[in-house]
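Novice: Chain residues, written in single-letter form:
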Amino acid sequence: MRYCAIRAVMAAAVLAPCAAGAEPQAEVLHWWTSGGEAKAVAVLQQEFAARGGSWTDMPVAGGGGDAAMTALRARVLSGNPPTAVQLKGPAIQEWYEEGVLADISDVAAAQNWEQVLPQAISAHMKCGGTWCAAPVNVHRVDWMWANAEVLAQNGIGMPASWEEFNAAAEKLIAAGITPLAHGGQAWQDATVFETVVLGIGGTEFYRKALIDLDEEALGSDTMTAVFDQMRILRGFVDDNFPGRDWNLATAMVMNGEAAFQIMGDWAKGEFLAAGKVPGEDFLCASTPGDGFLYNVDSFAMFDVGAGDAREGQEILAELIVGPSFQETFNLAKGSIPVRSDVSLDGFDSCAQLSARDMNAASDDAGLLPSFAHGMALRGAQAGAISDVVTAHFNSDMSSEEAVEQLGRAIANSM
Amino acid sequence: MLSWLERQIPKIILAPTFAAVTVFVYGFIAWTAWISLTKSRLLPNYDFAGLIQYRRLFDNPRWDMAMGNLMVFGLLFILLSMVLGLWLAILLDQQIRAEGLIRTIYLYPMALSMIVTGTAWKWMLNPGLGLESLVQRWGFDGFRFDWLVDPDRAIYAIVIAAVWQASGFVMALFLAGLRSVDGEIIKAAQVDGIPDWRIYASIILPSMAPVFMSAFIVLAHLAIKSFDLVVAMTGGGPGYATDLPATYMYAMAFSRGDLGQAASSAMVMMMVIFAIVVPYLYSELRAKHD
Chain A
1 MRYCAIRAVM
11 AAAVLAPCAA
21 GAEPQAEVLH
31 WWTSGGEAKA
41 VAVLQQEFAA
51 RGGSWTDMPV
61 AGGGGDAAMT
71 ALRARVLSGN
81 PPTAVQLKGP
91 AIQEWYEEGV
101 LADISDVAAA
111 QNWEQVLPQA
121 ISAHMKCGGT
131 WCAAPVNVHR
141 VDWMWANAEV
151 LAQNGIGMPA
161 SWEEFNAAAE
171 KLIAAGITPL
181 AHGGQAWQDA
191 TVFETVVLGI
201 GGTEFYRKAL
211 IDLDEEALGS
221 DTMTAVFDQM
231 RILRGFVDDN
241 FPGRDWNLAT
251 AMVMNGEAAF
261 QIMGDWAKGE
271 FLAAGKVPGE
281 DFLCASTPGD
291 GFLYNVDSFA
301 MFDVGAGDAR
311 EGQEILAELI
321 VGPSFQETFN
331 LAKGSIPVRS
341 DVSLDGFDSC
351 AQLSARDMNA
361 ASDDAGLLPS
371 FAHGMALRGA
381 QAGAISDVVT
391 AHFNSDMSSE
401 EAVEQLGRAI
411 ANSM
Chain B
415 MLSWLERQIP
425 KIILAPTFAA
435 VTVFVYGFIA
445 WTAWISLTKS
455 RLLPNYDFAG
465 LIQYRRLFDN
475 PRWDMAMGNL
485 MVFGLLFILL
495 SMVLGLWLAI
505 LLDQQIRAEG
515 LIRTIYLYPM
525 ALSMIVTGTA
535 WKWMLNPGLG
545 LESLVQRWGF
555 DGFRFDWLVD
565 PDRAIYAIVI
575 AAVWQASGFV
585 MALFLAGLRS
595 VDGEIIKAAQ
605 VDGIPDWRIY
615 ASIILPSMAP
625 VFMSAFIVLA
635 HLAIKSFDLV
645 VAMTGGGPGY
655 ATDLPATYMY
665 AMAFSRGDLG
675 QAASSAMVMM
685 MVIFAIVVPY
695 LYSELRAKHD
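One line per chain: the protein sequences are A and B, in this order.
Quick note: the first sequence, position 391, residue 391 per our numbering, numbers continuous.
Positions in the second sequence are counted from 1; adding 414 to them yields our numbering.
Worth flagging that the hints you see were computed from the coordinates, not collected in a lab.
Hints are supplied without guarantee of correctness; some may be wrong.
The calculated SDA-like cross-link candidates involving lysine to any residue, where the alpha carbons are at most 20 Å apart (straight line), are [unchecked claim]:
1) B:LYS453 <-> A:TYR96
2) B:LYS453 <-> A:THR70
3) A:LYS171 <-> A:ASN154
4) A:LYS39 <-> A:PRO323
5) B:LYS639 <-> B:MET627
6) A:LYS208 <-> A:GLY407
7) B:LYS639 <-> B:TYR694
8) B:LYS453 <-> A:ARG408
9) B:LYS453 <-> A:ALA411
10) B:LYS453 <-> A:ALA380
11) B:LYS453 <-> B:ALA463
12) B:LYS453 <-> A:ARG378
13) A:LYS208 <-> A:ALA380
14) B:LYS639 <-> B:ALA447
15) B:LYS453 <-> B:VAL682
16) B:LYS601 <-> B:LEU505
17) B:LYS601 <-> B:ALA615
18) A:LYS208 <-> A:GLY289
19) B:LYS453 <-> A:MET414
20) A:LYS171 <-> A:GLY235
21) B:LYS601 <-> B:ILE617
22) B:LYS453 <-> A:GLN93
23) B:LYS453 <-> A:GLU94
24) B:LYS453 <-> A:GLY99
25) A:LYS126 <-> A:GLU94
26) B:LYS453 <-> A:GLU97
27) A:LYS276 <-> A:GLU257
28) B:LYS453 <-> A:LEU77
29) B:LYS639 <-> B:PHE688
30) B:LYS425 <-> B:THR436
31) A:LYS171 <-> A:GLY155
32) A:LYS171 <-> A:GLY157
33) B:LYS639 <-> B:ILE443
34) B:LYS453 <-> A:ASN412
Extracted from the complex, chain B is given alone in its bound form:
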């Protein structure tokens, strides 16, 4: 009896969490999926209406803009954060003095909320208040940096702020990865007279593949659920030039009383995340079975 209990105790302890996750995560995903198949407006309505909300969604130029922005923002954000994070990590890995201090300084932006980051960068990038007016007052009258108010470039201004926020975190991930590489191999390579850049390119980085994967997954889901940064920096503007799927969903659900439309956009966002996460999980699980 006691040994039976002993064996069951992990299951018993996990049961409440399991039940909560089933209801509040998967239950509500199912609920949202159902709402996205109805004509719900202000309040939920459960009459099946087919794929009308998805047709409306894909017919809406604002949604196209939001998805296009997500592509641009996501790709640039992930790429730049990884490149910058890796570069910083490699520099920090050179056995320098005060490494702990510098690491903390670079990691600090992650401690700020996106709203604070967004507001600060909004002021810095505002042509009338920030960088542009500062440099012009220094005497460079021709200097222009008005990305934030240019509908075609505003999304890049948001990328700048997001990369500033996340690259320190990526640096920490990579630094941990660099340190985990077996020192013996590196020493052996150094004894053989292989140059440093070659050690990084051919030995250290390839053995860090799982870290790259983790960094990618973390950054990708940050990009897809980005909301507060856009709200704080541009409010989706100029026009709706910096709308992202998350801000689109918020506008539909809470400002316009169009729950069905919001639910369908949420489902599409989820599918985008699945498209990234499922192959990752698949490769992880398969690797374990081998």
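Just chain A, with the same shape it has in the complex:
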């Protein structure tokens, strides 16, 4: 755009028209800059170019998106937002409330998004009844990964309840193996916490406690039991866990140092990259209990007025949800397509299981947003909960005190 403007000024003397005005434009702000993710974005760029569009890439790496959000804030405050921005969950609504998002309902209607997307997920993509964002993929968060060989040697199966898990872990400790590979970072503590909430409390309790922030649920005995289980899990991780990155924890499971890891399906990418085969070298199963916790990446569409940018935005939205991009992107990233009508033949068995569970959970209201990954709550509330969870996990705080702190932290974050 700026290039075009400079050319226009330079050419003004000879009255040459600026040609670039004819193609659809898209400036895309994202933080998919590492290996597989960058490849996945390149796919989208190619498809966009094939439709005659001109793509301006605006990758801002670092801080799990913090740096990108700072860049976005500056752009929006200066009245010049990018066309599409990698945003997810309630953050989309927060930006909508600032009055800066576009309405892409035309695209959604033409592409029949209402039918092909699960209802729980499309709710995140709508702002006050109109569509304002396009979903890219579905990561499942409540996965339990295991080293197949270690489990076989110790005569353990994938646990179906937390009691079974605890019993299996005791057995592993006796055999000198770390039962649970875990990295002591607040978001990882929160990831384990939410799967325990789902497993012990069930889907209804999860919804009340971590989505509606119902005081009664947050202060209930069930919540105390959740923290009790967290304390038990603390005994199943090795001493050196604080600060460990999640992929190092995954490597511990791969090497047989540890038996299990609770982590979203991006962990699968690590196993696959190391040449491990699902079902043979490593096992995947949902964490004990019902339900399906999703973490959906999406692109929010910012209001860029009419013209080339708007045209580019519509093409972009169509491509993102389109079946061909959904398939190629998710194969590269390890997640599953957000639409239910994409063939899963090329995907591995864990992804196929994930897709089956998603469709089943979607039918009985068990399809729930992950709180640890910013899908269920706004930043301040999610942060308040994970502060308490990580403080409890990393100290000798009692479950009762944690429950009490949880209530106060939520009230304080409002």
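Given chain A's structure and the hints, the job is docking chain B onto it.
Specialist: Relative to chain A, chain B alone:
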């Protein structure tokens, strides 16, 4: 006319800097103060909301932890850096050989960024990779040094790294101070047969009071704005056991979209700095008027 210009030229040259500082330092302090009195979340919002952000701040156990850590970290960091720096300076002051080389070696850590220091010390203090596992492999199986992963002690591990970084710099400050003491007085004392330790304790150190003050101010503001060292070494963990006010502010402003809360924590940090700097400025200015 020309002489008028001559008199005004310093003011004219300083004016742009003065204007820039007024806007970008004091203007933005005022802006932050205003934001801290609003309910700003993702974007600034200018509706006055009273002291709610400060109430939230002081109600938050994580902030208590951050302030407590700042006290522990600040006191130990300043004290240890000064003691160690002074000790090194006195040793270097004994007319030894290759003083320049040794001085450079001790001053070098200051040339590293805190991120590098933090990462290196993170590996050295990690029980599974660093010192603990090394000594255990030497055969001392009972050796334990796991401060970095112990929520109650991790802040002390950070003090170690920070002192390593800053004490060389303090040494240089003190060395300059030691050298500035009038040699005649020292010689006179030596002629009178006063022992060396007594010369240091009763003559040299008391005359270095302004250097102590400068070292204290430099270290205090380093401590209060410490951020990168914690980010590199522990990321604030285990849990939030090593959070400092600066990391708290960063989390609120950039990760959680809670600008009002971040602004109020920034204001409290600034007040802490004022509490240290204002008495210092006061004593300095008063001394000049006398």
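Novice: Does each hint fit the structure? Answer for all of them.
Specialist: A quick look at each hint next to the structure:
no. : hint                  : in the structure
1   : B:LYS453 <-> A:TYR96  : 18 Å, holds
2   : B:LYS453 <-> A:THR70  : 19 Å, holds
3   : A:LYS171 <-> A:ASN154 : 8 Å, holds
4   : A:LYS39 <-> A:PRO323  : 17 Å, holds
5   : B:LYS639 <-> B:MET627 : 19 Å, holds
6   : A:LYS208 <-> A:GLY407 : 13 Å, holds
7   : B:LYS639 <-> B:TYR694 : 18 Å, holds
8   : B:LYS453 <-> A:ARG408 : 19 Å, holds
9   : B:LYS453 <-> A:ALA411 : 15 Å, holds
10  : B:LYS453 <-> A:ALA380 : 12 Å, holds
11  : B:LYS453 <-> B:ALA463 : 6 Å, holds
12  : B:LYS453 <-> A:ARG378 : 15 Å, holds
13  : A:LYS208 <-> A:ALA380 : 18 Å, holds
14  : B:LYS639 <-> B:ALA447 : 18 Å, holds
15  : B:LYS453 <-> B:VAL682 : 17 Å, holds
16  : B:LYS601 <-> B:LEU505 : 18 Å, holds
17  : B:LYS601 <-> B:ALA615 : 15 Å, holds
18  : A:LYS208 <-> A:GLY289 : 17 Å, holds
19  : B:LYS453 <-> A:MET414 : 10 Å, holds
20  : A:LYS171 <-> A:GLY235 : 13 Å, holds
21  : B:LYS601 <-> B:ILE617 : 11 Å, holds
22  : B:LYS453 <-> A:GLN93  : 17 Å, holds
23  : B:LYS453 <-> A:GLU94  : 14 Å, holds
24  : B:LYS453 <-> A:GLY99  : 17 Å, holds
25  : A:LYS126 <-> A:GLU94  : 12 Å, holds
26  : B:LYS453 <-> A:GLU97  : 14 Å, holds
27  : A:LYS276 <-> A:GLU257 : 16 Å, holds
28  : B:LYS453 <-> A:LEU77  : 18 Å, holds
29  : B:LYS639 <-> B:PHE688 : 13 Å, holds
30  : B:LYS425 <-> B:THR436 : 15 Å, holds
31  : A:LYS171 <-> A:GLY155 : 9 Å, holds
32  : A:LYS171 <-> A:GLY157 : 12 Å, holds
33  : B:LYS639 <-> B:ILE443 : 16 Å, holds
34  : B:LYS453 <-> A:ASN412 : 13 Å, holds
The earlier numbered hints are all upheld by this structure, with none contradicted.
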